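**Student:** Could you slot chain B with the ligands onto chain A? The hints should help.
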Amino acid sequence: MRENSENLEEAVSIRAADKVFNPDSDNEVQALLGIDLDIKEGDFISLIGPSGCGKSTLLRLIADLLVPTAGEVKVFGKTANQARLDQDYGMVFQHSGLFDWRDVSANIELPLELKGWSKADRQARSKEMLELVRLEEFKDHYPRQLSGGMQQRVSIARALSFEPRLLLMDEPFGALDEMTREHMQVELLRIWRETGTTVVFVTHSIPEAAFLSSKVVVLSPRPGRIHSEITVDLGDRTDQTREDPEFFQATTEVREALRAVEAG
Amino acid sequence: MTKRKAIKTAFTVIVSLVLLVLLWEGYKWMGQQTEDHWPGTQLGLPVSTDDLTMPHASDIFNELTDEIRAGRETLPMTVYLAKKAAFTFLEAAIGFSLGVIVGLMLAIFMLRWRFAEKGFLPWINVSQTVPLIALAPIVVTWARLQGYPDMVGISLIATYLTFFPVAVSGLRGLQSPDSSDVELMRSYAASWSSTLIKLRLPAARPFLFPAFKLAATLSVVGSIVGEISIGTKTGLGRAILDFAQRYSVWPERLYSSVIAASLLGLFVFGLVNAAEWFFIKRGREVLK
Ligand SMILES: Nc1ncnc2c1ncn2[C@@H]1O[C@H](COP(=O)(O)OP(=O)(O)OP(=O)(O)O)[C@@H](O)[C@H]1O
Ligand SMILES: [Mg+2]
Numbered sequence: 001m002r003e004n005s006e007n008l009e010e011a012v013s014i015r016a017a018d019k020v021f022n023p024d025s026d027n028e029v030q031a032l033l034g035i036d037l038d039i040k041e042g043d044f045i046s047l048i049g050p051s052g053c054g055k056s057t058l059l060r061l062i063a064d065l066l067v068p069t070a071g072e073v074k075v076f077g078k079t080a081n082q083a084r085l086d087q088d089y090g091m092v093f094q095h096s097g098l099f100d101w102r103d104v105s106a107n108i109e110l111p112l113e114l115k116g117w118s119k120a121d122r123q124a125r126s127k128e129m130l131e132l133v134r135l136e137e138f139k140d141h142y143p144r145q146l147s148g149g150m151q152q153r154v155s156i157a158r159a160l161s162f163e164p165r166l167l168l169m170d171e172p173f174g175a176l177d178e179m180t181r182e183h184m185q186v187e188l189l190r191i192w193r194e195t196g197t198t199v200v201f202v203t204h205s206i207p208e209a210a211f212l213s214s215k216v217v218v219l220s221p222r223p224g225r226i227h228s229e230i231t232v233d234l235g236d237r238t239d240q241t242r243e244d245p246e247f248f249q250a251t252t253e254v255r256e257a258l259r260a261v262e263a264g
Numbered sequence: 001m002t003k004r005k006a007i008k009t010a011f012t013v014i015v016s017l018v019l020l021v022l023l024w025e026g027y028k029w030m031g032q033q034t035e036d037h038w039p040g041t042q043l044g045l046p047v048s049t050d051d052l053t054m055p056h057a058s059d060i061f062n063e064l065t066d067e068i069r070a071g072r073e074t075l076p077m078t079v080y081l082a083k084k085a086a087f088t089f090l091e092a093a094i095g096f097s098l099g100v101i102v103g104l105m106l107a108i109f110m111l112r113w114r115f116a117e118k119g120f121l122p123w124i125n126v127s128q129t130v131p132l133i134a135l136a137p138i139v140v141t142w143a144r145l146q147g148y149p150d151m152v153g154i155s156l157i158a159t160y161l162t163f164f165p166v167a168v169s170g171l172r173g174l175q176s177p178d179s180s181d182v183e184l185m186r187s188y189a190a191s192w193s194s195t196l197i198k199l200r201l202p203a204a205r206p207f208l209f210p211a212f213k214l215a216a217t218l219s220v221v222g223s224i225v226g227e228i229s230i231g232t233k234t235g236l237g238r239a240i241l242d243f244a245q246r247y248s249v250w251p252e253r254l255y256s257s258v259i260a261a262s263l264l265g266l267f268v269f270g271l272v273n274a275a276e277w278f279f280i281k282r283g284r285e286v287l288k
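Line by line, the protein sequences are chains A and B.
Take the first sequence: its letters are residues 1 to 264, numbered as in the numbering used here.
Take the second sequence: its letters are residues 1 to 288, numbered as in the numbering used here.
Just chain B, with the same shape it has in the complex:
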């Protein structure tokens, strides 16, 4: 059952990858034939197909296995990117965890006191309209002045992005039980905190996990943007920044770092999916 599903997923992934490459190369080939025009027209293509804008897929994949000099050592690109990604992952993981804690605490706080919901919710919404690019240097400068390593500041930026979906969906989930379920707990003379632990939190899980998935990918985005905007020494953001500056001479490198970033996003998404299965679906499997 689950094995068949795994095979199916793997199959879909491979097929879509192949399709993507075919599309990329097909478009590029077409553009090369018509000098970047739609066939038979004078209409220009939206993206030009020269090797600088769209390097060959094979060149990008080759780049991944090529060597790169990092300081004194030379490494295969995959290993180099994996090392950078590991660092970014750590920042994202810290940011995600903090974001989940802060988000859940806010949700519980707003659940407990209605005035908090009225007072906080608008501010929580406003908080997300502050542009990340403006916020990042402020947070990181603050962290540096406190003498913290850059990782702290970057994780805080990731936290800033992740707490939001958790707080909003968490509140909805905590409020989701029927009034008769709440009355049942009251009939047992259950305290507010027991009601939270035995009823509201378990009932909130189906609301929380979609938020966690969003938060996980946002935490990666937040970490990378954080790294880029403050210019750290390491991390995927750093790699992207370096490669972006030399895009005109070596475009394949930027693309390979972008691939690494998406893979990292997929990886954290998968982690949350696994956690969801563990915390919700596992028990229900007995059903079928």
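Pulled out of the complex, with its shape left as it was, chain A reads as follows:
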């Protein structure tokens, strides 16, 4: 109980976490070393860094899809494992991961089905979710009939369908073209504001990180460590924001941190 009240505002808290793949073998990889990270409820955090620096690994530790070699990962004051079992988070991958034998609404209803919701409840919720991602008229379509951006929106709807408090996204817009990507960013911010969900967002794109985040976490590689944390405050963002000097300044700050990382 005490711990709970202590961490009331803490969505994720990571202490001295290490992750070693294939320990004690020839292909041992120190993927993460001494990670300390706190994410407050309602935050929008981006993880950025060179390829292979451990962004996905860090996200998987939070998701309890991987177990840290050392240190601890807490999600809403519980162990990551408990949080996964309680389904405190939803997950979105780079490739939408929609099941092509299910139509759009059946895909969105998948996690609800697993939770044993009644059909009527599921349908009502998937309808709400389709409104949220603005795909109402596509509910009976199959994933292959949708564009990449639409598929990602379905994937987001599926991740949010059971109202998790945390949304984990691994390069969700990585496979989209630039225009669709910018549009999806605005949509994601709207959804973030409407639902109040905490977001952890892995990206390779500097402007994307700067535009979306309240905090950008820059990682350095081999072994993966947190290099710096950059706080961004662009207020209410629209497409217009991309032309603001504040946005330019934020991207510059992130870029310089990444240059410092590359320089070693």
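Derived from the structure by calculation, the hints contain no laboratory data.
One should not assume that every hint holds.
[Claimed, not checked] Heads up, simulated DSS-like pairs for lysine-lysine below, C-alpha to C-alpha not over 30 Å straight-line:
| no. | chain 1 | residue 1 | chain 2 | residue 2 |
| --- | --- | --- | --- | --- |
| 1 | B | Lys198 | A | Lys78 |
| 2 | A | Lys78 | A | Lys215 |
| 3 | A | Lys127 | A | Lys139 |
| 4 | A | Lys139 | A | Lys119 |
| 5 | B | Lys198 | A | Lys139 |
| 6 | A | Lys119 | B | Lys198 |
| 7 | A | Lys139 | A | Lys74 |
| 8 | A | Lys40 | A | Lys215 |
| 9 | B | Lys198 | B | Lys8 |
| 10 | B | Lys198 | A | Lys115 |
| 11 | B | Lys5 | B | Lys28 |
| 12 | A | Lys78 | A | Lys115 |
| 13 | B | Lys198 | B | Lys83 |
| 14 | A | Lys74 | A | Lys119 |
| 15 | A | Lys127 | B | Lys8 |
| 16 | B | Lys3 | A | Lys139 |
| 17 | B | Lys118 | B | Lys198 |
| 18 | B | Lys5 | B | Lys213 |
[Claimed, not checked] Taking beta-carbon pairs under 8 Å as the criterion, some of the chain A residues facing chain B (in silico):
| no. | residue |
| --- | --- |
| 19 | Phe21 |
| 20 | Asn27 |
| 21 | Arg84 |
| 22 | Phe138 |
Given the structure is predicted, the values throughout are model-derived calculations rather than measurements.
Ideal Cβ positions, reconstructed from N, Cα and C, are used throughout, including at glycine.
**Tutor:** Using the frame of chain A, we list chain B with the ligands on its own:
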């Protein structure tokens, strides 16, 4: 769309049938002219063209409509063969169903426990190298000693042939989902069995149906070989055996029973195709 496709299929079937008959009769006619030699050479034809080896296509088709005495009644050959085929179909259907169940269970078992995959897969492969002719009497004798009707033993032989493609392709299909799909299910805290039902089995369907098609035709082969090798009283295998013994006097009959066997094979193949359409393609039709 589907209607046009059906017409196209029917057309192809008829054309290839006509071609087959023309080829058969053409070869026969040529052989008759040259006394079984390639025209203008002393080279012998691979198959002699006398009426015993190659009866006229028309005689074979006539045979199908002719009457045959079966016990106390006389029946048209088509009806006689259809009755026999129905019996064989039943054995094949039981064998197929059992084979699918056993194959799927093995695939799931090997999916669940890696050691099972390592331990079982070689044996499953070895199992298919045992000659059917040797296996059939063993299985049937066992079934008879247990007091089961012959149908049980024969179906088991069909099962033995059908479980193999299902187990092997099924395992590949169950292992086919991307690791990110499996992670997604894990993120929902889905149990192993929910992951199997909601993800792995649906993802395995495109692997399973080709295996089912193979298994369906194998189940017919297995049933017929089973019938022949134990000498049952009925079934297509029995008819083939009877007609084979009197081939020298009545070759058309053996050919007509062979036609019946191929038709039965085609029929079960078609059934699986229909099931495939129902279970996979139906939803996708919306696509176009
Ligand atoms: N399952 C695994 N087994 C062994 N090594 C792994 C595994 N997953 C990741 N790694 C290694 O850990 C390191 C970090 O990988 P990770 O995927 O987290 O990087 P990333 O920052 O997400 O890279 P990218 O930007 O290319 O997606 C890499 O060196 C990678 O090779
Ligand atoms: Mg990654």
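**Student:** Now tell me, hint by hint, if it's right for this structure.
**Tutor:** Do the hints match the structure? See the list:
1. Between lysine 198/B and lysine 78/A the CA atoms are separated by roughly 28 Å; this keeps the pair inside 30 Å, and the hint holds.
2. The suggested pairing of lysine 78/A with lysine 215/A holds, with an alpha-carbon distance near 23 Å, which does not exceed 30 Å.
3. Between lysine 127/A and lysine 139/A the alpha-carbon distance is near 8 Å, which keeps this suggested pair within the 30 Å criterion.
4. Taking the CA atoms of lysine 139/A and lysine 119/A, the gap is about 15 Å. The hint holds against a cut of 30 Å.
5. Restraint check for lysine 198/B and lysine 139/A: satisfied, since their Cα atoms lie roughly 19 Å apart, inside the 30 Å limit.
6. A hinted pair counts as satisfied when its Cα atoms are at most 30 Å apart, and lysine 119/A with lysine 198/B qualifies at roughly 16 Å.
7. Note on lysine 139/A and lysine 74/A: the hinted pairing is violated, with a Cα-Cα distance of about 36 Å set against a maximum of 30 Å.
8. Restraint check: the Cα-Cα separation between lysine 40/A and lysine 215/A comes to about 10 Å, which is no more than 30 Å; the hinted pair holds.
9. Restraint check for lysine 198/B and lysine 8/B: the C-alpha separation of about 36 Å exceeds 30 Å, so the hint is violated.
10. Pair hint lysine 198/B plus lysine 115/A holds up; C-alpha atoms about 13 Å apart against a cutoff of 30 Å.
11. Using a Cα cut-off of 30 Å, the hinted pair lysine 5/B and lysine 28/B is violated, with the two alpha carbons roughly 34 Å apart.
12. Taken as a hint, the lysine 78/A and lysine 115/A pair is honoured in the structure, with Cα atoms around 20 Å apart against an allowance of 30 Å.
13. In summary, the hint linking lysine 198/B to lysine 83/B is not supported, as the alpha carbons are separated by about 42 Å, beyond the 30 Å threshold.
14. Of the pairs offered as hints, the one joining lysine 74/A and lysine 119/A is violated, with about 34 Å between alpha carbons and a cut-off of 30 Å exceeded.
15. For the hint pairing lysine 127/A with lysine 8/B, the CA-to-CA distance comes to about 42 Å; that exceeds 30 Å, so the pair is violated.
16. At roughly 28 Å between alpha-carbon atoms, lysine 3/B and lysine 139/A fall within 30 Å of each other, so this suggested pair holds.
17. As the CA atoms of lysine 118/B and lysine 198/B are separated by approximately 26 Å, the hinted pair is consistent with the 30 Å bound.
18. At most 30 Å may separate the alpha-carbon atoms for a hinted pair to count; lysine 5/B and lysine 213/B meet this at roughly 20 Å.
19. At a threshold of 8 Å, the smallest CB-CB gap from phenylalanine 21/A to chain B is about 14 Å, leaving the interface hint violated.
20. This hint is violated: asparagine 27/A has a C-beta 18 Å from the nearest C-beta of chain B, more than the 8 Å allowed.
21. The criterion of a C-beta within 8 Å of any C-beta in chain B is met by arginine 84/A, whose closest approach is roughly 6 Å, and the hint holds.
22. Of the supplied interface hints, the one on phenylalanine 138/A is violated, with its beta-carbon coming no nearer than about 12 Å to a beta-carbon of chain B, more than 8 Å.
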